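Student: For the protein sequence lines, the chains are A and B, in the order given.
Read in order, the letters of the first sequence correspond to residues 1 to 218 in this note's numbering.
Read in order, the letters of the second sequence correspond to residues 219 to 423 in this note's numbering.
What the hints contain is simulated information worked out from the structure, not anything from laboratory work.
Hints are supplied without guarantee of correctness; some may be wrong.
Only pairs whose alpha carbons sit at most 35 Å apart, straight line, appear in this in silico DSBU-like list of lysine-lysine [to be verified]:
| no. | chain 1 | residue 1 | chain 2 | residue 2 |
| --- | --- | --- | --- | --- |
| 1 | A | K132 | B | K294 |
| 2 | A | K15 | B | K417 |
| 3 | B | K343 | A | K101 |
Because the structure is a prediction, the values reported are computed rather than measured.
So you can see what is in the structure, the chains are spelled out below.
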Amino acid sequence: MDGMHDMGGVDGFGKVEPERDEPTFHAPWEGRVLALQRSLGYARAWSIDAFRHAAEKLHPIVYLSASYYQRWALAMQHALVERGYVREDELTGGHARQDGKHFDRKLTPSVANEALGRGSYYRQMQGPARFKIGDRVRARNIHPATHTRLPRYVRGHVGTVDLIHGCHAFPDSVATEGGDNPQWLYTVVFDGPELWGPDADGTVKVSIDAFEPYLESA
Amino acid sequence: MSGHDHAPASELADVEARVRALETVLTEKGYVDPAALDLIVEAFETKVGPHIGARAVAKAWSDPGFKRLLLEDASKAVRPLTHGWRVGDHLVAVENTPAVHNVIVCTLCSCYPWDVLGLPPVWYKSAPYRSRAVKEPRSVLAEFGLTLPPEIQIRVWDSTAETRFLVVPMRPAGTDGWSEERLAALVTRDCMIGTGLPKNPKELA
Chain A
1 MDGMHDMGGV DGFGKVEPER DEPTFHAPWE GRVLALQRSL GYARAWSIDA
51 FRHAAEKLHP IVYLSASYYQ RWALAMQHAL VERGYVREDE LTGGHARQDG
101 KHFDRKLTPS VANEALGRGS YYRQMQGPAR FKIGDRVRAR NIHPATHTRL
151 PRYVRGHVGT VDLIHGCHAF PDSVATEGGD NPQWLYTVVF DGPELWGPDA
201 DGTVKVSIDA FEPYLESA
Chain B
219 MSGHDHAPAS ELADVEARVR ALETVLTEKG YVDPAALDLI VEAFETKVGP
269 HIGARAVAKA WSDPGFKRLL LEDASKAVRP LTHGWRVGDH LVAVENTPAV
319 HNVIVCTLCS CYPWDVLGLP PVWYKSAPYR SRAVKEPRSV LAEFGLTLPP
369 EIQIRVWDST AETRFLVVPM RPAGTDGWSE ERLAALVTRD CMIGTGLPKN
419 PKELA
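With the sequences and hints as input, model every part of the structure.
Tutor: Below is the structure:
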């Protein structure tokens, strides 16, 4: 979706402000949100892609006003209600009013380390890669209404295949419960002026990781 | 909670109480175990952090075989350096050279190599960094106090898939004969994101 989350190249947000000696969490609730999200991910309440999509679907004003962990908390609440895992009146009341649904897995202390690591997104190859390193490719001008990982700022622009990462689960499918639908994944590199016009810094190159359906020969 | 029928202000109010309610409901429904949540929080506060990436970089500076492995298959190279959790399959190490300086960003959310750097700092997740790193990286780097000579090419890696990137900075001059441990003390989080350089060895001498 062409949402507020797709921020590459947007002007007006001001300076980057690093914080000295930043703590891991700025308040205990942030740590709880992170742990809840990891725990529900372990229980397979949703995929990482569906969770990202839940955050993207927040109202743009909410998305921009919320802190990172606030955004996560809201995305979790919306996704839990949408999937029927909890009811809204349970969240507002602060207590469960009916039994939970069944999950195949639950994060317990003995397996907590598993929620620290990352899964693998490699999938069985479905056919040969269409592009090879050095190929010139154009990012398609597509605007899916649902989740996609093709940022707006590259759409329609021509770059070069720089790396091939094998076949990966395709987020656009996974987020909408369409299955893994594995696709070849490439790093595609663009020259700065190709993306930002002839006055842009010519010594800058920007790459994205692009799934094969995002690309066409150029 | 459909998202569009609530005023933003009401969604953002009382976050602490809302998160407490959320945890209570999820616990009562049997979905989460608070003792496991405690361990996750503790791990991110005490175990997972940029010291892991720093060890990998220092080892790469000292051991050409390890450096080769790191640049070929960073997931495999880094795996022995964590404390019992699984490094993702898709870690890619990118090397700074006298000609190219690498910078990592995630414009679409905040993808970051948690396995080796811990949780991302607030600025990395902020709108200014996410919006500007791909468009005007030199001015972003200048805000970190890093002014690169104009002839150095900047390569920005936007983490738009499950691939995660780790910058391997150049080894500072004046560190001949240093142990890996001493070298690791020069490797800052920001230099592995690309918004900084390693510390000056004189600071440690």
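Student: For each hint given before, does the structure comply? Return the numbers of the non-compliant ones in rising order.
Tutor: none
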